[in-house]
Amino acid sequence: HGVGNTGLTEAQNVLNAGNSATTMRLLSGVLVAQPFLSILSGDVSLRSRPMKRLIEPLRLMGAEIYGRDEDSFAPLVIRGRKLRGVSYSLPVPSAQLKSAILLAGLFAKGGTTVEQPQPSRDHTELLLTRMGAKLESTNTHISLTPLTAPLTSVDLHVPGDISSAAYWLVAGAIHPNARLKITNCGINPTRTGIIDVLLAMGAKLKVENKRLEGNEPVADLHIE
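Note that our numbering has the sequence shown beginning at 1411, numbered continuously upward.
Rather than coming from a laboratory, the hints here were simulated on the basis of the structure. Computed from a predicted structure; not experimentally measured. Cβ atoms here follow ideal geometry from the backbone N, Cα and C, with glycine treated the same way. Careful: at least some of the hints might be erroneous.
[Stated by the list, open to error] Calculated cross-link-like contacts (lysine-lysine; reagent style DSSO-like; alpha-carbon spacing at most 27 Å): (1) 1519 x 1462; (2) 1519 x 1591; (3) 1462 x 1492; (4) 1492 x 1519; (5) 1591 x 1614; (6) 1591 x 1616; (7) 1544 x 1519; (8) 1620 x 1591.
[As the list claims (entries may be wrong)] Computed spacing ranges between beta-carbons, pair by pair: (9) 1614 x 1413: 23 to 33 Å; (10) 1609 x 1560: 40 to 50 Å; (11) 1447 x 1412: 18 to 28 Å; (12) 1623 x 1586: 25 to 35 Å; (13) 1413 x 1576: 31 to 41 Å; (14) 1482 x 1445: 37 to 47 Å; (15) 1634 x 1492: 29 to 39 Å; (16) 1459 x 1528: 34 to 44 Å; (17) 1423 x 1614: 45 to 55 Å.
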């Protein structure tokens, strides 16, 4: 059960994101608005991933966030503060950075807008909209109104990951005797490059039973 937008409490230890940069970056967007201290770390690989591009826009929103080696890397130290909305242009298309800014924007005073040089994965926008957030988006522009009430809880079915399915799709396309069916696979148009490429190469691939689940497009994939 969720605890609402003011129900989180300070962790008694360092928060370990393991190998997940997505966890670290998105969670940072939430923690910068919480009234307590947080320390985020991860494994050796994650501690070598760049974090300055995350820290800079959050600081523009009023966040107090620091990283190792002149804010370049994790561990990250965050002391939550009151935030203000921001209009920010991403230097590179990044769903993780965009999502961190939007999550911080939920708690900010004033609206938040994000411009991106080209479309990136929009799972965060679709889920926030499903949960009642006031959000408008085009391919490269996202506008968010901060929360005036808690997000609405939802029952959610998470579709299969097309990135994981890609290996099986390629195997099915090149094996002379293969016949594969992948059910309940997410086909978000920001993620379907593998389908486009295989079809362009002449693969016998069919996308069937298209539907929406939790605002996400889903289908069954057949390949032989």
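A quick look at each hint next to the structure:
Taking the CA atoms of residue 1519 and residue 1462, the gap is about 24 Å. The hint holds against a cut of 27 Å. Of the pairs offered as hints, the one joining residue 1519 and residue 1591 is violated, with about 48 Å between alpha carbons and a cut-off of 27 Å exceeded. In summary, the hint linking residue 1462 to residue 1492 is supported, as the alpha carbons are separated by about 21 Å, within the 27 Å threshold. Between the alpha carbons of residue 1492 and residue 1519 the distance comes to roughly 8 Å, so the proposed pair stays at or under 27 Å and holds.
Proposed proximity of residue 1591 and residue 1614 is supported: the alpha carbons are some 12 Å apart, at most 27 Å. With a C-alpha separation of about 9 Å, the suggested pairing of residue 1591 with residue 1616 holds against the 27 Å cut-off. At most 27 Å may separate the alpha-carbon atoms for a hinted pair to count; residue 1544 and residue 1519 meet this at roughly 14 Å. The suggested pairing of residue 1620 with residue 1591 holds, with an alpha-carbon distance near 14 Å, which does not exceed 27 Å.
Against the hinted window of 23 to 33 Å, the Cβ-Cβ separation of residue 1614 and residue 1413 comes to about 49 Å, which falls outside the hint. At about 43 Å, the beta-carbon gap between residue 1609 and residue 1560 stays in the expected band of 40 to 50 Å. With their beta carbons about 22 Å apart, residue 1447 and residue 1412 fall inside the hinted range of 18 to 28 Å. Restraint check, residue 1623 to residue 1586: a C-beta distance of roughly 34 Å satisfies the suggested window 25 to 35 Å.
Range check, residue 1413 to residue 1576: Cβ separation about 36 Å, and the 31 to 41 Å hint holds. Range check, residue 1482 to residue 1445: Cβ separation about 27 Å, and the 37 to 47 Å hint is violated. With their beta carbons about 57 Å apart, residue 1634 and residue 1492 fall outside the hinted range of 29 to 39 Å. The hinted range of 34 to 44 Å is not satisfied by residue 1459 and residue 1528, whose Cβ atoms lie roughly 22 Å apart.
At roughly 52 Å, the beta carbons of residue 1423 and residue 1614 sit within the given window of 45 to 55 Å.
Checked against the numbered hints above, the structure violates hints 2, 9, 14, 15, 16; every other hint is satisfied.
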